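*Asks:* Protein sequences, first through last, are from chains A and B.
Sequential numbering of the first sequence, starting at 14, is according to the working numbering.
Sequential numbering of the second sequence, starting at 64, is according to the working numbering.
These are calculated hints, taken from the structure and not from any lab test.
Computed from a predicted model, the values in this text were never measured in an experiment.
Just so you know, not all the hints are guaranteed correct.
Stated by the list, open to error - Each pair of labels, with its calculated beta carbon distance range: (1) Gly158/B / Leu296/A: 25 to 33 Å; (2) Lys103/A / Leu79/B: 51 to 59 Å; (3) Lys192/B / Gln144/A: 54 to 62 Å; (4) Asp116/B / Ser133/A: 46 to 54 Å; (5) Glu126/B / Ile113/A: 42 to 50 Å; (6) Leu296/A / Lys132/B: 21 to 29 Å; (7) Ile293/A / Val245/B: 55 to 63 Å; (8) Arg94/A / Gly153/B: 31 to 39 Å; (9) Gly175/B / Arg94/A: 40 to 48 Å; (10) Asp116/B / Ala79/A: 48 to 56 Å.
As the list claims (entries may be wrong) - To be clear about the criterion: a stretch of chain B counts as covered by chain A if any three or more of its residues have a C-beta under 8 Å from a C-beta of chain A, and this derived list gives those stretches: (11) 109-120; (12) 157-166.
Backbone N, C-alpha and C fix where the C-beta goes; we use that ideal spot for every residue, glycine too.
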Amino acid sequence: MTTFLQATVAGLSLASIYMLLALGFVIIYKSMQVLSFAHPAIMLFAAYMVSWMAIDKQLNFWLALALGVVAAGVMGWLAERVAVRPMIGKPLFAIAILTIGLDIAIRTPVNNLIGVNIRSVGDPWGFGTLQLGDVVIQHRSIAMVVTAFIVGSLLFAFFRFSRVGLAMRATAIDQEVALAQGISVGRIFSLAWIMAGGMAALAGTFASSDLSGLTQSTYIVALKALPAIVVGGLDSIGGAVVGALIIGLAEAYTATYQSQYLGFLGGNFSQVVPYLVLLIVLLIKPYGLFGTEEVERV
Amino acid sequence: MLEVANLEVVYHDVILVLRGISFQLPEGKIVALLGANGAGKTTVLRAITGLLDIQNGDITKGEISVDGKTITKARPSEIVSRGVTQVLEGRRVFGEFTVEENLRVGAHTSKGDTEAHAMRVYDLFPLLKERRKSLAGYLSGGEQQMLAIGRAMMSDPKYLLLDEPSLGLAPLLVQQIRDIIVEINEQGTGVLLVEQNANMALSISEHGYIMETGKIVMDKPSAELMRDEDVQEFYLGLHAGGGERKSFRDVKHYKRRKRWLS
Ligand SMILES: Nc1ncnc2c1ncn2[C@@H]1O[C@H](COP(=O)(O)OP(=O)(O)O)[C@@H](O)[C@H]1O
Ligand SMILES: [Mg+2]
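Can you build the whole structure from these sequences, using the hints too?
*Replies:* So this is what it looks like as structure tokens:
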């Protein structure tokens, strides 16, 4: 039982990171039907910015994190405004390729900056833990789960109650009607990328706050959030949350139990699990658990 | 006054759809724009409200102005702010939003007095008030049309453009919509009523324009249009004998007066 709870805590921590990333993917997808493959690069960029400010510039971590969120928001805004916006109306396939190009364009210089050493983001959690019965919970896990919960709730309230949030939802459903009612659809696009960037910054910082730190391959975390949104359905906010939970928990349980029961699958099998879950869900429900059927896949 | 002068519109850079359209909607009046399917009525509205862009259409000539100021090629949000709002053809309510949320989307550009606008819409459509918490997707066709009109009214327009509001509605509902349009107009809003249902449109409008393949082929006070034999035959469904419905242009004995306003 303790092992199970321990694995659950690990799974929820992972799910928090995936959720912050998945929500960004989905918000962008909903607003402009573009799957942004530049998301991993924006996340990596933000994590580097936080690390640079907190370690190299000795800034207070929280201030560095806040500035990192802003920097990623600006990066997202720029990417959309400069590269993606002019492509609107072109085939979705072409836009998807373009975002892959963007990913490379952003990630290459960031990789050079990160270098080959493991960097720290200067987070205050370190190895601090909390003992709950027999279960050991890292402070870091608590911070991640709490943040994900707060961000999720804020987003929910934003989409539900605010004027702009409602306009974003309206734009996602029917762009022409949104325009006809005076909504600036272009601004909605910008906002989507800014929000996604900000959340990616949180995810990137969390992902770099564990033992493995920030390296060039930290971006892979964002690739594992992709199965989460496909599982949930590309265009569903709630689906992104559920998808992230499924993927995060599946990965953690596998990491805990697989060596015991299915040892022959090798040491890092849990890394493959997100894609395995993705495959299984798509075989059963081709549009994801909560997706809209006519959504075009890229 | 909402004024369209010599408007020419092209889709995809090559398909010429409007060939010099001119008409006027005076403040506080109802004006009808009639024409068969494909005449270009919707295109006229798109040109006015800045919605050509996403259809890959372009204004290649002409001028559109509200109260003397040009809005040709302005952004849709700016046009709404200038007091011109369109109700798109086919209702297009947000089915997964509540009635109330649909109205809130309509109030996107209005600063502050959303409540007052909502009260006015609920006065016009008591039914929407009753059902304000239900999902718009569950409303009937007529109710959805009312919601679409109510949503547009939330921006408190000075000029309301309606694209075939009677389309697909039973006669009784058409009556209701007609009464609502009259009431909205009596409260001071100018209405451009685009219709294929000429009967309804002419019965409440002051002036009517008849469009055919991208041109205005006739314009007269609505009362005169109602009495016009050719209009009766081709647009009011009163033609005897059936057979092929000829083009308005083919009517030989009709002394067409081309009164271009440009
Ligand atoms: N987005 C578009 N792209 C190309 N052609 C269009 C488009 N929309 C309308 N058309 C064409 O323009 C003409 C006028 O259409 P429309 O304005 O919808 O007429 P109406 O509203 O009177 O039925 C039609 O021939 C139609 O095929
Ligand atoms: Mg039409």
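*Asks:* Against each hint, give a clear statement of whether it holds in the structure.
*Replies:* Structure-based check of each hint:
For the pair Gly158/B and Leu296/A, the beta carbons lie near 30 Å from each other, so the given range of 25 to 33 Å is met. Against the hinted window of 51 to 59 Å, the Cβ-Cβ separation of Lys103/A and Leu79/B comes to about 25 Å, which falls outside the hint. A beta carbon spacing of about 57 Å between Lys192/B and Gln144/A agrees with the range 54 to 62 Å that was offered as a hint. About 48 Å separates the C-beta atoms of Asp116/B and Ser133/A, a value consistent with the hinted range of 46 to 54 Å.
Here the CB-CB span from Glu126/B to Ile113/A is close to 44 Å, well matched to the stated 42 to 50 Å. The supplied range of 21 to 29 Å is broken by Leu296/A and Lys132/B, whose beta-carbon atoms lie about 59 Å from each other. In this structure the supplied range 55 to 63 Å holds for Ile293/A paired with Val245/B, their Cβ-Cβ distance being about 60 Å. A C-beta distance of roughly 32 Å is found between Arg94/A and Gly153/B, which places it inside the suggested range of 31 to 39 Å.
Between Gly175/B and Arg94/A, the C-beta spacing of about 30 Å breaks the proposed range 40 to 48 Å. Taking the beta carbon of each, Asp116/B and Ala79/A are about 37 Å apart, not inside 48 to 56 Å as hinted. With 5 residues bearing a CB less than 8 Å from a CB of chain A, the region 109-120 of chain B meets the requirement of three and the coverage assertion stands. Given a C-beta distance limit of less than 8 Å, the hint that chain A covers the region 157-166 of chain B holds, as 4 residues qualify and 3 suffice.
Violation of the numbered hints given earlier is confined to hints 2, 6, 9 and 10; the remaining hints are satisfied by the structure.
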